[in-house]
Amino acid sequence: MRTRLAGCRPASPPTPGTAGHALADTPAADGPQSGTITPTAYDARYAIPAAVAASAKDKVAAWQDMKFAMFIHWGVYSSYAGWYKGEKQEVGYPEQIKAWGHRQTWDERIPLQGIPRDEYLATARTFAAPHFDATAWCQQAKDSGMKMLLVTSKHHDGFAMWDTATTDYNFTRQSPSHRDPLLELSQACEQVGIKFGLYFSNIDWEKQPELPWANDNPLDEEGYMGYIHAQLTELLGGKYGEVAELWYDMGDPSPTQSDQLRAWAHELQPDIMINSRVGNDRADFEVGWDNEMQSELTQGPWESAVSIFHKAWGYANWDDAAPTFKDTGYPDRPGGDWDHVVEVDNTTALRKAPGGAHRKITEVVGNMFSTVALGGQFLFNIGPKFDGSFDPWDASVLRGIGDWNRAHPGILNNSRPAHFPIETWGKTLVDDSHIYLGIENWPEVGTITLRGAGFNRITSVKLDGFDAALAYTAAGNDLIITLPGEPDQILPVVTVTTKGPPTYVPTGLTTVRRGTTTILAPALETFKAPTPKTGETSIIASVTPRATSASGVFVSFDTKGLTDDYATYRVSVGDQETRGLTTADLAKGVGPFTLHPNRTTRITLAYDNPAYALKGFGKDASVTSVTVTVESFDTPTLAI
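Reminder that position 591 of the sequence shown reads as 591 in full-length UniProt numbering, one-by-one numbering, no gaps.
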């Protein structure tokens, strides 16, 4: 007979003052199923590591461990600050003002009113940047908690910010100072102990027509790819040291061109990480649209790029309102790539608003914590002024972020995303001996519950910044913490100190019996794919045979929308694995496997060697249930 379970937990009263439990009584050997099946009795034997494992690839794991980085947009466009000839730029980003000028409409039928090249070049010849201090920039990034500084080497205007032999249209040749900002920044990053990264525009208005509506130029002009190759060879060939990340942007490369862009970078810097705007699924990591974030635990390397002001990446100084955009930055884009656009105040007038800096710090810290807790890297953008200084208000925001990170050092140092469910109050991170609970929504009831954490051996629970211990109880598989009155903090963090690495007993843990046990979708854990709008990338069911070994175990999947068009599938049951499976195989059943007693075994469905590992099963694809069929049980094993 088939019994449907959803991994529900037994009702049991809280145990005041403790989060440890005696092991449950060893159950009798399981026989054939009949009648009502008792749900799994949770206990510490079924705990698994709470930390989501880092990538098995060293360069990916090292990149993911950075967590927080500074993005810098700085160029000739910084001189205009979103204004041209006394008129505010009404459409487009300020770093693209060369094409837009003070244009008032998105209507492509109306000719652009951009800045003539001679006039733009004349501005470049005043680009002395007397207040540019590479060491100060890098130290500011480090003091804010950032592990990398990533700077625009060349934006769409084609003006190179380094000493290049490929064009005279560069800072070193045109600036009165004749400096090489990228060389100074790469050396300063090494000096202060952070990584160095580069933004590189795939399009170049010196070589191509200005199409700022979508910036989707093909890269087909004669000699253009050779020009890019020469510039990348200069940037990545050694003069500028180790480059941790290459952030390609815009254009419409062909698959062959994307292959070239990827290969050239990896040949010059094997450990470099390349973003998804290289195009055509050739990336090392995914980045969504501008100012977008994930809202679910996401598997694989990904990055959320967010600017201090949503509608400006280069420096802008608008006293009232920002240019006209829809939320994604372009007026006709049908929704964002990822889950939601970051909710930030888009106008630089916030610089003059009472309490504006505190509001911005709160927004940025919340977005940073959420991104890191969901497995991503948070890339936060600042646009320096033309003179090389940071706007004092922007600098105060960076200092506030740094103050928060110093008060909560565990968040960015050696932490990992956790398998704990996302709760209504917020999200969690873990390290080797702590669980960090970021309270995004302070509860009115005075308590918070973290499901799956009830069997940790806890030595203390405190609200960061306060000496008093917090009361807590363990109720079944739940950890319940009593909070004080809401503290006046940017983002309150409760730190749970554990004896040993934090553990997680899956909330959907299901006892399998002889015959078939079907686990429905609510009891399954999922990881979202970082590639936009491609759905989930892995499905996990947690099972146990309790006190007996189970053999002759077969696993089948009831799916909707999964196809064999993209890749075959892999099913792992603990450390056992079957690969090269089709959807027909998944429906029929995969096995045989063995389940060991008194432990949780994770059953995972994922792609098997897909062409692009960061894609999911499909936007509308899902697994509705997992069925585990057990042929036999062995002799019961006594609990220890």
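The hints are simulated quantities; they were obtained by calculation from the structure and are not laboratory data. Treat the hints with care, as some may be off.
[Said to hold, decoys possible] Here are the simulated DSBU-like pairs of lysine-lysine, each with C-alpha atoms no more than 35 Å apart in a straight line:
1) K533 / K59
2) K560 / K619
3) K352 / K57
4) K57 / K619
5) K57 / K385
6) K142 / K560
7) K352 / K59
8) K85 / K462
9) K88 / K385
10) K59 / K619
11) K207 / K85
12) K352 / K142
13) K88 / K352
[Claimed, not checked] If you anchor each label on the Cβ, the simulated ranges turn out as follows:
14) A122 / G226: 26 to 34 Å
15) A44 / D432: 14 to 22 Å
16) D432 / G226: 29 to 37 Å
17) E486 / T459: 43 to 51 Å
18) A44 / E631: 22 to 30 Å
19) A468 / E631: 21 to 29 Å
20) D65 / S460: 35 to 43 Å
From a predicted model like this one, the values you see are computed outputs, not experimental measurements. Virtual Cβ for every residue (Gly too), placed ideally from N, Cα, C.
Hint check:
no. : hint                    : verdict
1   : K533 / K59              : holds, 26 Å
2   : K560 / K619             : holds, 11 Å
3   : K352 / K57              : violated, 46 Å
4   : K57 / K619              : holds, 27 Å
5   : K57 / K385              : violated, 39 Å
6   : K142 / K560             : violated, 47 Å
7   : K352 / K59              : violated, 42 Å
8   : K85 / K462              : violated, 56 Å
9   : K88 / K385              : holds, 17 Å
10  : K59 / K619              : holds, 29 Å
11  : K207 / K85              : holds, 26 Å
12  : K352 / K142             : holds, 26 Å
13  : K88 / K352              : holds, 18 Å
14  : A122 / G226: 26 to 34 Å : holds, 29 Å
15  : A44 / D432: 14 to 22 Å  : holds, 18 Å
16  : D432 / G226: 29 to 37 Å : violated, 50 Å
17  : E486 / T459: 43 to 51 Å : violated, 25 Å
18  : A44 / E631: 22 to 30 Å  : holds, 29 Å
19  : A468 / E631: 21 to 29 Å : violated, 55 Å
20  : D65 / S460: 35 to 43 Å  : violated, 26 Å
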